[in-house]
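Undergrad: Kindly generate the complete structure, drawing on both the sequences and the hints.
Just so we're aligned: 16 in full-length UniProt numbering is position 16 of the sequence shown, and the numbers increase by one with no gaps anywhere.
The reader is advised that the hints may include incorrect statements.
Stated by the list, open to error - Label-pair ranges, simulated between beta-carbon atoms:
#1 ASP5 / VAL41: 24 to 30 Å
#2 ASP5 / MET95: 33 to 39 Å
#3 PRO118 / GLY94: 15 to 21 Å
#4 MET1 / ALA36: 34 to 40 Å
#5 ASP90 / ASP15: 22 to 28 Å
#6 ALA12 / ALA36: 18 to 24 Å
#7 ASP5 / GLN26: 22 to 28 Å
What the hints assert, rightly or not - Calculated lysine to any residue pairs in the SDA-like style (CA-CA distance at most 25 Å, straight line):
#8 LYS66 / ALA19
#9 LYS66 / PRO11
#10 LYS138 / LEU21
#11 LYS138 / ALA83
#12 LYS66 / ASN142
#13 LYS66 / GLY33
#14 LYS66 / ASP90
#15 LYS46 / ASP81
#16 LYS66 / ARG86
#17 LYS138 / THR98
#18 LYS66 / SER10
#19 LYS46 / GLU150
#20 LYS66 / GLY116
#21 LYS46 / GLN152
#22 LYS46 / ALA78
#23 LYS66 / GLU87
#24 LYS138 / ALA65
#25 LYS46 / ALA154
#26 LYS138 / ALA78
#27 LYS138 / GLN3
#28 LYS46 / ASN136
#29 LYS66 / THR98
#30 LYS66 / GLY94
#31 LYS66 / GLN152
#32 LYS138 / LEU17
Think of the hints as simulated: they come from the structure by calculation, not from any bench.
From the three backbone atoms N, C-alpha and C, an ideal C-beta is built for every residue, glycine too.
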Amino acid sequence: MSQFDLTPPSPAQRDALIAGLSDEEQRVLLHHGTEAPFCGVFLDNKLEGVYTCRLCGLPLFRSSAKFDSGTGWPSFFAPYDVAHVREIRDISYGMIRTEIVCARCESHLGHVFPDGPPPTGERHCLNSVSLRFTENGKPLPNPLQRDGAEVQPA
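TA: What follows is the structure, given as C-alpha cells:
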C-alpha cells in the first residue's frame, strides 16, 4: 500500500490543475498524445531525484531506475511504487500495447514494454511533458495540498 494519498483530485481541483497546463501538456496528458522522440527535457537528465506526475504531483519514478533505452524517450525499469502507475490495454493505431497512466489522476504517461533491463525486464517509456522532476532533498510538488508523505522531501 502506498504511503501517498491516491484519492483522485476533485473535479474543481482537476479543472484548476488542467488550467495550468500548456497545450502540449494537455494533448499528451489528457488526450493520450505522444511527444516527438529525442526532444523531451528529461531524456538526458542525469540528476538524482524523483519524477512526479505533471498534473497531480504523485511520485512515479526514481532516477535510480532510469536507463538509456535508445528510443528517444525517458525510460525506467520500475516505478516509484507499483500502486502509483496503472496499466491499461491500448489497441490504438493497429497495435496492442500497454498504456501507463497516473493511478491518482489518470493522466497519460506513456507505455510499458517487456524489453527492459534487469531486474524487471520492463521498459516504462515516458513522455517528458507528463513529468516534473524534483532533486533529492528538495520538497516534492504538492499541488493538491495533501498532508503526510506528500510534504516530505524527495
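Undergrad: What hint numbers does the structure not satisfy?
TA: Hints 3, 6, 8, 9, 17, 18, 30 contradicted; others consistent.
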